[in-house]
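Protein chains in written order, with my numbering: chain B, 677 to 954; chain L, 608 to 897.
These aren't lab readings, by the way, just hints derived from the structure by calculation.
All C-beta atoms in this analysis are idealised placements derived from N, C-alpha and C, irrespective of residue type, glycine included.
You may find that some hints are simply not true.
Pair ranges (Cβ atoms, derived) [to be verified]: (1) B:Arg790 with L:Ala676: 40 to 48 Å; (2) L:Cys705 with B:Asp728: 39 to 47 Å; (3) B:Ile881 with L:His783: 46 to 54 Å.
To spell it out: a stretch of chain B is covered by chain L in this simulated footprint if at least three of its residues, at any positions, have a beta carbon under 8 Å from a beta carbon of chain L; those stretches are [unchecked claim]: (4) 793-802; (5) 855-868.
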Amino acid sequence: MGKQNRDGGWPYVRGSSWTEPTAYAVMALLAAGETEPAKRGLRWIRATGRPDGGWPPKAGVDQSTWVTALVALLPPEQLGASAHARAIAWLLETTGRESTLTYRLREWLLGNPRPPEQEFPGWPWIPDAAAWVGPTSLAVLALDKEYRRRPLPAIRERIDSGRRFLQARMCREGGWNHGSVRALGYESRPYPETTGMALAALRGIRSPGTERGLAVARRFLGECRSADALNWLRLGLLAHGQLPADYCHPVGVENRTLPDMSLGLLVEAEKGRDFFLA
Amino acid sequence: MVSIVRAPVYDQRLYETVRRMVEEHGPEVRGRRVVLKPNLVEFEPESSINTHPLLVHAAFEAFRAMGAASVRIAEGPGHRRNTLDLADAAGYFKTVPCFEDVFTDLNLDDVTRVRPARQFSRLGALYLPNTALGADLLVSMPKMKTHHWVGATLAMKNLFGVVPAGIYGWPKNVLHWAGIHESIADLHAVFPRQFAIVDGIVGMEGNGPIQGTPKRAGVLVAGGDPAAVDATCCRIMRIEPFKIVYLQLASGGESHITERNIRQIGESLSAVATPFELIPEFRWLRMENS
Chain B
677 MGKQNRDGGW
687 PYVRGSSWTE
697 PTAYAVMALL
707 AAGETEPAKR
717 GLRWIRATGR
727 PDGGWPPKAG
737 VDQSTWVTAL
747 VALLPPEQLG
757 ASAHARAIAW
767 LLETTGREST
777 LTYRLREWLL
787 GNPRPPEQEF
797 PGWPWIPDAA
807 AWVGPTSLAV
817 LALDKEYRRR
827 PLPAIRERID
837 SGRRFLQARM
847 CREGGWNHGS
857 VRALGYESRP
867 YPETTGMALA
877 ALRGIRSPGT
887 ERGLAVARRF
897 LGECRSADAL
907 NWLRLGLLAH
917 GQLPADYCHP
927 VGVENRTLPD
937 MSLGLLVEAE
947 KGRDFFLA
Chain L
608 MVSIVRAPVY
618 DQRLYETVRR
628 MVEEHGPEVR
638 GRRVVLKPNL
648 VEFEPESSIN
658 THPLLVHAAF
668 EAFRAMGAAS
678 VRIAEGPGHR
688 RNTLDLADAA
698 GYFKTVPCFE
708 DVFTDLNLDD
718 VTRVRPARQF
728 SRLGALYLPN
738 TALGADLLVS
748 MPKMKTHHWV
758 GATLAMKNLF
768 GVVPAGIYGW
778 PKNVLHWAGI
788 HESIADLHAV
798 FPRQFAIVDG
808 IVGMEGNGPI
818 QGTPKRAGVL
828 VAGGDPAAVD
838 ATCCRIMRIE
848 PFKIVYLQLA
858 SGGESHITER
868 NIRQIGESLS
878 AVATPFELIP
888 EFRWLRMENS
């Protein structure tokens with residue numbers, strides 16, 4: 677709470693307010709029952725929403741981005757129903773550039789075959805760029821939560837295609853890199869953060885690929901010394917009931933940023949995990 | 608002017624080597640703000656993927672000794688989100704005293720929207736970090752590496768790290784859609800006051816900038832014109848600089864990168880030339896094939 681800026685938002689470390697740390701801080705405070713600072717954070721979030729329904733990474737940036745998925749993870753009764761609905765609508769309308777009609781038509785006219793991994797639309801970090809594992813995982817988590825409230829076919833369709841996007845981008849050895857499974861013939865290697873995020877988004881999906889991903893996540897969990905990575909790995913393993921019962925958070929791993937700390941608190945508490953996995 | 612200095616290993620002698628190297632060029636830094644921009648990519652302290660922290664600290668001390676009002680280290684990695692964890696794993700916390708006090712994560716810095724002085728890509732205006740924009744001298748400190756999209760990644764390509772991933776994402780994919788070479792040239796045009804020190808002590812060859820293999824070249828290359836520094840590095844790596852598109856774009860008429868137009872001091876190119884292995888798609892870049 678001491679890190680909250682006067683405008684109601686939070687910085688990553690210090691300085692001006694950004695959407696990502698503010699969304700995570702609000703979730704952590706709501707889970708802890710600290711409603712007053714959370715309300716100020718929610719006011720900041722509502723005030724920074726853009727006319728297209730999305731959210732910018734920070735106030736003053738005139739572009740809606742992936743952080744809209746984090747806003748959509750906030751409860752509509754806290755954020756406000758209309759702001760929440762706009763966030764969901766923005767997510768439903770947003771895809772990676774490689775999935776747009778214009779791009780596909782251009783590629784077809786040029787005679788370029790469509791790579792199998794581009795068959796299913798995912799989400800980009802920022803519109804007009806390609807879809808990636810991180811923003812796709814967050815968007816799937818937000819839409820999955822929304823589908824439990826409003827089981828609409830349009831939401832189901834994007835969840836399913838987002839999950840297929842993730843499954844198509846699983847590294848050969850298991851787990852997930854940021855994007856393609858290979859570049860110029862070289863296999864991409866999995867990262868802990870993206871592996872945890874993708875596993876969380878694939879909750880309920882049982883497949884040999886998911887099992888390989890879980891094995892990679894368990895290996896990373898024993899090796900990794902980054903708070904952000906460990907948070908996502910735990911969440912990913914929890915989503916599949918696979919977090920080892922004797923797991924102990926390693927000593928000496930520092931929370932470098934506010935999202936590190938907030939996400940850590942959320943993963944620790946059942947109420948916190950509900951923001952992602954309820 | 609571009610200088611080439613032999614530096615066989617990462618040890619304490621680097622402090623003296625870098626101090627002399629920078630003083631020889633004499634950039635005006637007294638009372639000015641200097642920002643050192645290393646290349647941090649992956650959590651692999653023993654590999655040749657990141658700019659070595661000892662070199663960065665040697666530059667830090669050199670600019671301070673020359674009277675800079677402030678010297679900061681700043682980087683915005685394109686792949687991994689947790690920059691401080693990455694810097695820790697790369698050895699920066701151990702090597703640079705009070706590292707967190709002198710470091711800025713460019714991915715999460717406050718930003719200003721700017722339009723490059725010369726525009727080669729379709730990017731238009733770009734949000735860039737205030738720490739980099741406010742520098743009186745931006746010192747690009749890349750690793751000497753081959754690159755699987757552009758052939759070689761050196762001082763100019765290293766400026767991709769100033770583009771804030773907090774705005775554009777990890778990786779900074781908008782730059783790829785706008786044209787990698789063109790975006791490099793755009794960024795070069797945004798920062799008129801630059802210096803470059805290239806870590807070629809152990810570089811990377813093959814499938815760089817991430818999955819390549821270490822290549823010992825045993826040199827540092829420095830100068831006030833990043834295009835000339837990069838062209839010199841290419842010649843050391845036995846890559847034809849005129850075949851690197853971003854060098855052609857940024858050098859405007861190629862005069863900056865023509866060998867006879869670069870005043871070179873220190874070791875001769877022939878004495879330090881170390882052919883870097885290229886992936887098959889880029890073997891046509893070899894000087895021998897020109």
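| query | So which hints don't hold here, by number, going up? | reply | Checked against the structure, the hints that fail are numbers 1, 3, while the rest are satisfied.
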